[in-house]
Amino acid sequence: MSLLSRLEDSIPSLRRYAWTLLRDPAEADDLVQDCLVRALDRLGTVRSEAELRPWLFAILHNLHVSRWRRQRRQRQVAVADADADVAIPASQPAGVEIRDVLRGIAALPEDQRQIVVLVAVEGLAYAEVAAILGIPVGTVMSRLSRARDRLRAFAEGHERPALRRVK
Amino acid sequence: MNSFQRPIGEDDLHAYVDGFLDAERRRVVERYLADHPEAAARIAGWQRAGVALREAVAWKAQEPVPAELSVVRLVEARLSRRTARWQPAAAVFLAVAVGAGSGWFARGPGMPRGVDAVSMEAAIAYRVFATDRMHPVEFDAANRVELVAWATRRLGRAVAPPDLSKSGFHLIGGRLIATPQGPGCMFLYGNAQGNRITVFVRPMHKIDVNAPMRPVQAGGTTGFAWARDGLGVSLVASTPLPGLQKLSDQVRDAMSPET
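Line by line, the protein sequences are chains A and B.
Residue numbers for the first sequence follow our numbering, so the first one is 1 and each next one is one higher.
Residue numbers for the second sequence follow our numbering, so the first one is 1 and each next one is one higher.
I should point out that these hints are in silico values taken from the structure, not numbers from a laboratory.
We treat Cβ as the ideally placed atom computed from N, Cα and C, and that holds for glycine.
Do not rely on the hints blindly, as some may be mistaken.
[What the hints assert, rightly or not] With the Cβ distance kept under 10 Å, some of the chain B side facing chain A (calculated, not the full set): (1) 10; (2) 11; (3) 14; (4) 51; (5) 53; (6) 54; (7) 65; (8) 69; (9) 195; (10) 196.
Full structure from sequences and hints, please.
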């Protein structure tokens, strides 16, 4: 039962991650629901509580890749012009820096966005992120550098969505 | 760079920002940053961006988890997939579990009445149908005329989905809903952001034939409910969208008998 309650505890952060991937509340929750259904079917394969969270993110990632690839491509085309796409609820306080960083995160290529969110928001270790995404740790680190430099540029107001800084 | 140390790499800088370094290595990185203002500015920028990013997405993890993502509910669904005869028990269990969770469904002794009952029925209908991406409605917007005719016949009074397109919500369709008081009708709307709202209506019997608009909440849904001239109405959304009250005012005005 304790794995089950740990699973329940992970739902808010899975929803947050799914939202940063899709930025559509209903689609994000659909993805999380699929992830939870899959996880419940295989919960018996989890050996420890420490494994649970990265394992859940891996399921979510794989579902996202396999089932949402087409929509994601369409979405990336749409992202280029959309401030609305990074809209956060009006009830949420949002300083200039937060709006800039939201624009920055929307402007990142998806592979960089996933990594910086898993590391900086969800607090996962680099090796866990590498396992979740199925890529080498070295790739995680180099993409993390690019993502952080880019977000820094946005947060400091040096970059606008239309401009691309040449590195 | 300190000559006796393993050289500082980007990995160290990330691990410094993310708190993955042991105390010794951390001190080495701090000395390095003290000697290299440009690297220090870069790291400070990473940290600031990280803080801003965490703040920017924190609200999403603080939202109440929608009922359809409740583990109890998913486990129940999984059980009932395997043994269909569990379903009546599952429904009772679900009602109890949801009621216990929200502290709302089981208000007072016995069933909710009047507008309270309307908003409960609307919340259940929302969670069962509005979240369904495959087949949420019986009549889609293209068959609006049939929907209106059918709902009017079954509810015994004229009902039609109000036009909410000025607020960005387009009609997806509608369906009949069974309630303890007889048939009700749910109209489903969506906007460009993928948010879904429903307008649920059913005739009122004796209690709350007219009742002022009030905010209502039920496990995972939020909205407004009221009754006017014998028609109970509840507008429901899964998240507290800005402008929900304005939308409710619009619905109330649109659904009043023409004067």
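Check: Is the interface hint for residue 53/B satisfied, with its Cβ closer than 10 Å to some Cβ of chain A?
Finding: Holds, because the Cβ-Cβ distance from residue 53/B to chain A comes to roughly 5 Å (cut-off 10 Å).
Check: Does residue 195/B pass the interface hint, meaning its C-beta sits closer than 10 Å to a C-beta of chain A?
Finding: Nearest chain A Cβ about 6 Å off; hint holds.
Checklist line | Interface hint compliance - residue 11/B to chain A, C-beta minimum distance less than 10 Å | finding: Cβ of residue 11/B sits 5 Å from chain A, so the hint holds.
Note to self: Can you verify the interface hint for residue 10/B: is its Cβ closer than 10 Å to any Cβ in chain A?
What the structure shows: With a minimum Cβ separation of about 5 Å from chain A (threshold 10 Å), the hint on residue 10/B holds.
Check: Is the hint on residue 196/B kept, meaning its closest Cβ partner in chain A is under 10 Å away?
Finding: With a minimum Cβ separation of about 6 Å from chain A (threshold 10 Å), the hint on residue 196/B holds.
Margin query: A closest beta-carbon separation below 10 Å is what the hint needs, so does residue 54/B meet it against chain A?
Written below: 6 Å, holds
Check: Should the interface hint for residue 14/B be scored as holding, given a Cβ-Cβ cut-off of 10 Å against chain A?
Finding: 6 Å, holds
Checklist line | chain A contact restraint for residue 69/B - C-beta distance below 10 Å | finding: 6 Å, holds
Check: With 10 Å as the cut and Cβ atoms as the points, is residue 65/B at the interface with chain A?
Finding: Residue 65/B check passes; min Cβ-Cβ to chain A is 5 Å, inside 10 Å.
Item checked: residue 51/B as an interface hint toward chain A, with CB separation required under 10 Å -> 8 Å, holds
Every hint, counting from the list given before, is met by this structure.
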